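Could you build all of it, start to finish, from the sequences and the hints given here?
If you read the protein sequences in the order shown, they are chains A and B.
The first sequence begins at 1 in my numbering and counts up one residue at a time.
The second sequence begins at 1 in my numbering and counts up one residue at a time.
To be clear, the hints were calculated from the coordinates, so they are not data collected in a lab.
None of the values given here were measured: they were computed from a predicted structure.
Among the hints, erroneous ones may be present.
Stated by the list, open to error - List time: in silico SDA-like cross-link candidates among lysine to any residue, alpha-carbon distance up to 20 angstroms:
#	chain 1	residue 1	chain 2	residue 2
1	A	K138	A	L163
2	B	K107	B	P149
3	B	K94	A	I206
4	B	K107	A	S11
5	B	K107	A	A205
6	B	K108	A	R16
7	A	K58	A	A126
Claimed, not checked - Here are some chain B residues the structure puts well away from chain A; computed CB gaps all over 12 angstroms:
#	residue
8	R29
9	S36
10	G40
11	S79
12	T82
13	P184
14	N198
15	A199
16	P211
Note that CB positions come from ideal geometry on N, CA and C, so glycine has one too.
Chain residues, written in single-letter form:
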Amino acid sequence: MRTLAYLLRESWVNMRTNRMTTMVAILTTAFTLACVGIFLLLYVNLRAAAGWLQDDIKIMVYLDDRLTSDSIAEVEQHLRSDRAVASLLFISKEQALGEFKAQFPSESHLLEGLGQNPLPASYVVALSPSFRSPDAVKRWAERVRQIAGVSKVDYNQDWIDALATVIRSIELVAIGIGVILSAAAVTIIANTIRLTLFARRDEIAILRLIGATTSFIRIPYLVEGAVLGALGSALSLVMLKFMYELFRQQMRTTGRFAGLDNLMAFFPPSVCLTLIAVGMGLGFAGSFVSIRRFGEGKA
Amino acid sequence: MRSTSQGTIFDGKDTMIQLIHVSKQYDQRSALSDVSLEIGKGEFVLLMGPSGAGKSTLLRMLIGAERPDGGQIFVHQKSVTTLRPSDIPYLRRKVGTVFQDFRLLPKKSVFDNVSLPLLVQGVSSADIRRKVTEALRAVGVEHKRDQLPAGLSTGEQQRVCIARAIVNGPVVLLADEPTGNLDPVLTSEIIELFKLINARGTTVVVATHDPLVMAQVNRRVLTLSQGRLLPEQRGLA
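So, in structure tokens, the structure goes:
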């Protein structure tokens, strides 16, 4: 117990002795991890948005104009018996025309000039949750396109796919930047620990001479590295939360994006704790690197 | 104690330290050359010789801080030469060391400095208090327990260093020029302390080039000169 207290006290003493270095290490680690955090936050929010869009996907099944009401009933029967279909809404040619006129009142005269209603009847289909993935939607649309009486199947997958591509790119950038900046955080902490080790080299030599094991000597520095990493990570989360709230405030006050701010989300507590643990791990790794280098070839 | 030119068979329990044909070179310069010696349990040995004779190298080898280029070293029936690095701390817990420059931690109190060898072994708080108090009393600086090393005289600092070396009851006490920074009066006091420690059964090896120490210790003397062991002599009475 006394040994544990000693080791923890030594970590604290190390940090207090090199107060300025410790502060700089925590701050630079925080800025570094905040940069990674920005991409992570962007990635998390875009992924959530893509999820909502995918969940909300509506598929338009347009019917052939020449279909009789019996044939339309057959198509409807076919769709209703499909287990991928969650809901179905029939829009007749007249309803389609009414909706067009309501949505584009200034263009309605174009259709009147044609003499007859050119808009087809259609079904608006919502799929069951397990059939909403991009691939499943694509497969389902291709299958339905083969049904007799179906002239066209349309859905807004193209730009959902485009969004998915953007998300994948951000994911790759986040991973790349994450790896590079994490290595930077490890180096920053490693250098801080190296300074501490250098400042206490005489003490370490004495500890070795009186029979301290390698782990006894290392533990205070490993604890110090882990604490620096955890504090840096926690501070980066505070900075990110501040920037996030500022950004939301800006969106709220900017008329164009009003309402979107409610769809944004910060990291949940579990992710925050994970990020702090990751920071701790990076600090531990940085410390370990320095200790290994420092310890080699010493008596 | 016996030193031999051809080395000796390691003869077991009465031998505390044994060197067999030990050699060490630094950058083509021979620090120790074919040194063989044996030190028995409970002996008090002076290791004499001028600066650079190889005394410190020999002591450092006894605690595994240096590896010989050739030969074998045994301490307390364990081969130091074949010891794994991870086992060296356990050897050092049996061998107390005293230095000319004391090597005390300047920001720790006398009590904390002396308690370090016990702390690294995970000794309980109660035992640490008891053993540190005993060690400080044995060297006569119990009343300084809460002071920092900077507040002590050189003689007191050396006493604290000795207390740290004996606090965990080592089987061997090695001292490298322990009186190098002390005046003749303090030198006498420190030598008396070593004699007391030796009288309790601890093997004591003191490396020194100070003839005053030799004059005070009427014990066996090993003399090193340019890395070679000279024929034995006794200290002056």
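>> Are any of the numbered hints broken by this structure? If so, which, sorted upward?
In response: Of the numbered hints, all hold.
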